[in-house]
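S.K.: Single-letter residue listing:
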Amino acid sequence: MTAADALYVYGVVPGDTTPDLFAGVDGMADGPVRLVGADGVAAIASSVPLTEFDTDALEQNLKDGEWLEQKVRAHNRVLAAAVGKATVLPLRFGAIYTGEDHVRTMLGERSELEQQLARLEGLLEFGVKAVLDPGVLRARLAESRGGAADEGSGRAYMLRKQLERELDREVRSFAARCAEASHECLSAAAVEARANPAQAPEVAGGEMVLNGAYLVGSGRQAGLRRAVDELKARYGEDGVTYELTGPWPPYNFADEEPAA
Amino acid sequence: MSSPSPALQQEVTLVELVDRVLNKGVALTGDITLSVAGVDLVYVGLRVLLASVSTLEQLDAE
Chain A
1 MTAADALYVY
11 GVVPGDTTPD
21 LFAGVDGMAD
31 GPVRLVGADG
41 VAAIASSVPL
51 TEFDTDALEQ
61 NLKDGEWLEQ
71 KVRAHNRVLA
81 AAVGKATVLP
91 LRFGAIYTGE
101 DHVRTMLGER
111 SELEQQLARL
121 EGLLEFGVKA
131 VLDPGVLRAR
141 LAESRGGAAD
151 EGSGRAYMLR
161 KQLERELDRE
171 VRSFAARCAE
181 ASHECLSAAA
191 VEARANPAQA
201 PEVAGGEMVL
211 NGAYLVGSGR
221 QAGLRRAVDE
231 LKARYGEDGV
241 TYELTGPWPP
251 YNFADEEPAA
Chain B
1 MSSPSPALQQ
11 EVTLVELVDR
21 VLNKGVALTG
31 DITLSVAGVD
41 LVYVGLRVLL
51 ASVSTLEQLD
61 AE
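Listed in order, the protein sequences are those of chains A and B.
According to my numbering, the first sequence is numbered sequentially starting from 1.
According to my numbering, the second sequence is numbered sequentially starting from 1.
The shape of chain B in the complex, shown without the other chains (with noise of 0.2 Å):
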């Protein structure tokens, strides 16, 4: 198997980053909220970024 270019392999840690900051950690609700529009917004950012079939998915399970 041929090691990845560059571009990919940096793409592959954005993918990482992306599951981390934006499905992980404490949930607070702050002063300024994201509504449920905003939310799936973040996704459609997202799709435009990088094709993350998990992400989408998780988004669909909650």
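Bound conformation, chain A alone (with noise of 0.2 Å):
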């Protein structure tokens, strides 16, 4: 580390953890990532130049799409590497210091890490997303209720109107059901659960219907991984789909607080 560089912290973890786990992972840009201790707990960091990573750089490349999504990709995979093989607490993206010395003040300022890597231990995050098709279940609907009216006629055109109309109303409840259901099914295989905002349409390829997070005891996969298949087989035939990802590094549940 020279002048010219900075310590990117990525997470921390017990202060016992070995080094190893981390060898040979890339971080943010060159050189290795490494384990800077205070107190019992230990910063995973490397270095990074401030020629990209100082407040007016860093606001300059933060609008550069390809830039973000190379760091949101280094800041993942650092953590990744360790995850199941120690407790490992994520910090958000930008938690940059001038030297050690400062990365182990920090460390012994706040306890509270100490204490949330406690209550993380033996714990994997996973996510889990329902996506409905509403085309499925619409088509499942109607189908339910009988054929069409007649073609043409100008009371056909009302019926079919106000069939769209029921119809529409009938996919959001069933849509708030299938959301409260799943995130319940979920989290009753799981230590801890959050439920997060949908994502858009667009991004989700459907009307996302739960966008959860959970957190499990490892070695209690299988639990979750029945539940969601319970869920497909509860739910798939009205065109929602479930995908689960994971053990991600357990970013829902390093809230400083517990959520309410």
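Bear in mind the hints are in silico, worked out from the structure with no lab data behind them.
A couple of the hints might just be wrong.
Listed below are several chain A residues computed to face chain B (Cβ distance under 10 Å; list not exhaustive) [unchecked claim]:
hint, residue
1, A6
2, R92
3, G127
4, V203
5, F253
6, A254
The beta-carbon is built from N, C-alpha and C at its ideal position, and this holds for glycine as well.
Using the hints, put the two chains back together into the complex; each one sits in its own frame.
M.R.: Here it is, written out as structure tokens:
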């Protein structure tokens, strides 16, 4: 590290974690990922050039989608190297320090980091997204109502409009029921659970009814998988697809205070 | 429902990553801090990168 460098901190691990976990893992920039320890905890860190990471450079770089994608992937890649091998407390993007002594001071001042690590010990985060294809559900609902009215007549037009409105309502009510039941079923297989805001349809590829994160004991993933399979069996024919991702570093459960 | 193309799949994964890395995790104030303008710029970059309305909405709510 030179005067032209700063230290980027990815996350925090217990002080007895072996740095070997990060050997050969590519960080934000050239140079190894290492541990900077103090008081029973250690920061996962690597040197980054100030030409890229000081305040002015950051402001410019953050506008660059490609740069941001690279750095977001690097942030996750480093933390992911320790998932399942050590307890990892992820930091939010952008914790940058001018020297190791500053990192140690921060670790010493933040006793809650150690408490957070203790809370997350032996636990893994998984994500489950449920996306509804409204077309499939509408077709199914319409079919269960029987045949359509005769085409052409004014009355048929009115009936069709009315049917459309009723179907809209039923789809909305189904989505709400499905979201609640899915989150409940998955939460029952988890130690802690969070339901995040749905992603936009352009991104989700349909109407996202659930964007959940689940904290599960390592070795207990089978229970969550079973819950996902159960939901697929229950709602699959209605046009709902489920996607399970993980294990992730526990980003969603690294709040400074437990969510209400 | 047809399965998403590999390119789309990758994009969805990126959305998940971005949601987690930029919005979650313990927020510490380091020596080099992003100004409020800087945080906004993250979302300018993101807007270029993906059309994640939920992420933008989260920013608006903060």
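S.K.: For every hint, state whether the structure bears it out.
M.R.: Taking the hints in turn, this is what the structure says about them:
Because the beta carbon of A6(A) sits about 6 Å from the nearest beta carbon in chain B, less than 10 Å, this interface hint is met. Restraint check, R92(A) versus chain B: the minimum CB separation of about 4 Å is within 10 Å; hint holds. At about 6 Å, the closest approach between the beta carbon of G127(A) and any beta carbon in chain B falls short of 10 Å, and the interface hint on this residue holds. Here the hint on V203(A) is kept, as its CB sits about 5 Å from the closest CB of chain B, short of 10 Å.
Look at F253(A): its Cβ gets to within about 9 Å of chain B, closer than 10 Å, so that hint holds up. Interface hint at A254(A): satisfied, since its Cβ lies 5 Å from the closest Cβ of chain B, which is below the 10 Å cut-off.
Of the hints listed earlier, there is not a single one the structure fails to meet.
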